[in-house]
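Peer 1: Chain by chain, the residues run as shown.
2 protein chains.
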Amino acid sequence: MADADRIREVADHVRRCRNRGDQVVLVVSAMGKETDVLLRLANEVSKTQPGREMDLLITAGERKACALVAMALTDVGVPSASFTGSQAGFLTDTNHRNAKILEINPTRIRDAIDEGMVPIVAGSQGVSADKDVTFLGRGGSDTTAVALASVLDADSCELYTDVSGVFTTDPRVVQNARKMPTISFDEMLEMTAVGCPKPVMRSVEVAQRFRVPLHVRSAFTWEPGTLVIEEDPNMEQAIVTAVVPDTSEAKVTVCGVPDRPGIAAGLFRALADAEVNVDMIVQNVSDEGVTDISFTVPTEQTADAARIAGEKIEDEDCTVETDESIGRVSVVGAGMKSNPGVAATMFETLAANDINIEMISTSAIRISCVVRADDVDKATQVLHDAFELGV
Amino acid sequence: MADADRIREVADHVRRCRNRGDQVVLVVSAMGKETDVLLRLANEVSKTQPGREMDLLITAGERKACALVAMALTDVGVPSASFTGSQAGFLTDTNHRNAKILEINPTRIRDAIDEGMVPIVAGSQGVSADKDVTFLGRGGSDTTAVALASVLDADSCELYTDVSGVFTTDPRVVQNARKMPTISFDEMLEMTAVGCPKPVMRSVEVAQRFRVPLHVRSAFTWEPGTLVIEEDPNMEQAIVTAVVPDTSEAKVTVCGVPDRPGIAAGLFRALADAEVNVDMIVQNVSDEGVTDISFTVPTEQTADAARIAGEKIEDEDCTVETDESIGRVSVVGAGMKSNPGVAATMFETLAANDINIEMISTSAIRISCVVRADDVDKATQVLHDAFELGV
Chain U
20 MADADRIREV ADHVRRCRNR GDQVVLVVSA MGKETDVLLR LANEVSKTQP
70 GREMDLLITA GERKACALVA MALTDVGVPS ASFTGSQAGF LTDTNHRNAK
120 ILEINPTRIR DAIDEGMVPI VAGSQGVSAD KDVTFLGRGG SDTTAVALAS
170 VLDADSCELY TDVSGVFTTD PRVVQNARKM PTISFDEMLE MTAVGCPKPV
220 MRSVEVAQRF RVPLHVRSAF TWEPGTLVIE EDPNMEQAIV TAVVPDTSEA
270 KVTVCGVPDR PGIAAGLFRA LADAEVNVDM IVQNVSDEGV TDISFTVPTE
320 QTADAARIAG EKIEDEDCTV ETDESIGRVS VVGAGMKSNP GVAATMFETL
370 AANDINIEMI STSAIRISCV VRADDVDKAT QVLHDAFELG V
Chain D
20 MADADRIREV ADHVRRCRNR GDQVVLVVSA MGKETDVLLR LANEVSKTQP
70 GREMDLLITA GERKACALVA MALTDVGVPS ASFTGSQAGF LTDTNHRNAK
120 ILEINPTRIR DAIDEGMVPI VAGSQGVSAD KDVTFLGRGG SDTTAVALAS
170 VLDADSCELY TDVSGVFTTD PRVVQNARKM PTISFDEMLE MTAVGCPKPV
220 MRSVEVAQRF RVPLHVRSAF TWEPGTLVIE EDPNMEQAIV TAVVPDTSEA
270 KVTVCGVPDR PGIAAGLFRA LADAEVNVDM IVQNVSDEGV TDISFTVPTE
320 QTADAARIAG EKIEDEDCTV ETDESIGRVS VVGAGMKSNP GVAATMFETL
370 AANDINIEMI STSAIRISCV VRADDVDKAT QVLHDAFELG V
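For the record, the sequence lines run as chains U and D. As numbered in this note's numbering, residues 20 to 410 make up the first sequence, in order. As numbered in this note's numbering, residues 20 to 410 make up the second sequence, in order.
A hint or two may mislead.
Pairs count within a copy or across copies, as identical chains cannot be separated in the list.
Stated by the list, open to error - Think about it this way: if two alpha-carbon atoms lie no more than 20 Å apart in a straight line, the pair counts; the simulated EDC-like pairs of lysine to aspartate or glutamate are: (1) K52 <-> D181; (2) K150 <-> D130; (3) K66 <-> D31; (4) K52 <-> D22.
By construction, these hints were calculated from the structure, which means they are not laboratory data.
Using the sequences provided together with the hints, build the complete structure.
Peer 2: Structure follows, in structure tokens:
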């Protein structure tokens, strides 16, 4: 919610849902860029930024939004009441800035529903056993919503996002991308893992774990979006569901790594300790006792990753190369498991269009290829056509 | 605190106080104009503005400031921890937007002090018996500070304001105004009652009730300010301590009011019900069964007051007049009680300077005169000279 107008629109939408007979519980995140503003303020004030204080600071954003939505609902005649994370019964561990929910005791939320009210819950927050305010991390409001939907036995959890649903590919890249009415949790997780934007992966994982159907929809058009549900084993599965482009990563290659046990382990442990988000990892077969290891990291971590890799292997006769001009295109589909021809079709399609594949990585229901960044859009388009995903 | 720089200055000041051997507990209010910004947002979103939601919204400001100060202190090596109103043990009634403190259980604050920490407490907030967030009202952070100083048995409560202390008169009006090293609670209350700016009256009342010495000082220069203490009966009292100008009010006069019991009562009850802040009230002796009643109200409430007065006396042969071009000048002094000549000196001084007195009202230690608004500065200057208050 960016401003007062948006808050009133949300209130109006809730009123309509309620008039259709739905019981509604609302979870709100902070308004617009407020969380960014608060983080900037903390950077100006403090280098140490103790987690306990950061959490008190950041959770203020959700609390404000929560109060404003409750007011706006009262204005349109919908009885409602705000609840902070603590009031909503979210008990968490003491891992500040990224707390985990330990238990939810939503007594006050249930009471409010029973009284015919719409409870408005401040997202991404809870209270620890030390009675301190805790923050569930960026995007934690989605987690709050899913967890609450689960514990309240809700029919579904609607995530209002800036996209109108989950598409067969990025509609900005491919004109005839198609919005999917449903998608399985597994496919959704693979898509978010390779760069499909919202909702954040953690909320999808939580929804899958608690079997809460997710409805990913637009907060701007209010049209029905995509239902994320458990795979129906009786349903015939599309072989390929979606093509996901991603240009947010860079490639780091360590050349001439001695083929001895423990070298790669030491390298990736050092990267993990430095909180570098390593994504794809590819190691080729050894050639005369040395090998090349390539991996991808978020572009902004490229320099860090290269420095750490360099330090880790400085005693060896290795070189580290980085390449920020790469991109990735992935095809995702639950039906892939029983259809071994997908990889072949993917590679043939890319080759036929003169697109060179630099790295390959696969999971049971996903195949990802690293290509030149300039080729990502074209690759997405031709794969989308090849697997006949368009409207 | 307006910005990050100010927060770091506050942290530095606390560090110095601590190095001098003081045990410090800090109470913080919201940053700069944040409370105004939040109120404006609420106005954009809602007409109803339920009190419970308003309190959740507004208290976010103090919480943010609290977290930021705690971070800044950690940065300068002072162990500190933030505490919300609830964590600091402020239990209040459920009178949202203007809650009263019922009880303070500062266990966590005491523990933090015992551990050598500086507790940072979010001002103007508490938790009600319904476990809802409550707001103590505008300026409530001063009240929080005074109440906490009392319950912790602090040596004094320092109020950091935008003035460097309490002056014999407004230094913007009179060049040689003098900062007073001490002033009694009674005098301070009379001064704030007639327009002397900070600290707010409520905190002075609370400080007097709990016998907490107040130190009114500047948050910008850090120099010692004015100590507000109990009157020492053995001390020789200055006859006049201060001259207070005030141009924030307007005069409403109801002419030709029948001299019957209950007329004035009905009028002021109606004004009170409409939350019009009536200040001075003057009624002259009756002349042939009718009288004039004049009273002052904040300028912005003039129209409301006139309308209500008009409705209340519409059956009578009365007229209502308003005058926004008035001002008030007051002399305050605890020694006045045993010195009946003060009023005479005041009236003579004003007369000698051609300043006409339109209304007079007195208390045991204050005399206020309403004059033309244009005359207020001159009246302040000549009275300040007449009572020899200058440097």
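Peer 1: Up to 20 Å between alpha-carbons, please classify K52 paired with D22: within, between, both or neither.
Peer 2: both (10 Å within a copy, 18 Å between copies)
Peer 1: With 20 Å as the alpha-carbon cut-off, assign the pair K52 and D181 to within, between, both or neither.
Peer 2: So K52 and D181 pass the 20 Å test inside one copy only (14 Å; across, 31 Å).
Peer 1: Please sort K66 with D31 into within, between, both or neither, judging by C-alpha distance up to 20 Å.
Peer 2: between (42 Å within a copy, 15 Å between copies)
Peer 1: For the identical chains here, do K150 and D130 meet the 20 Å Cα criterion within one copy, between copies, both, or neither?
Peer 2: between (23 Å within a copy, 14 Å between copies)
In summary, the structure agrees with every hint in the numbered list given earlier.
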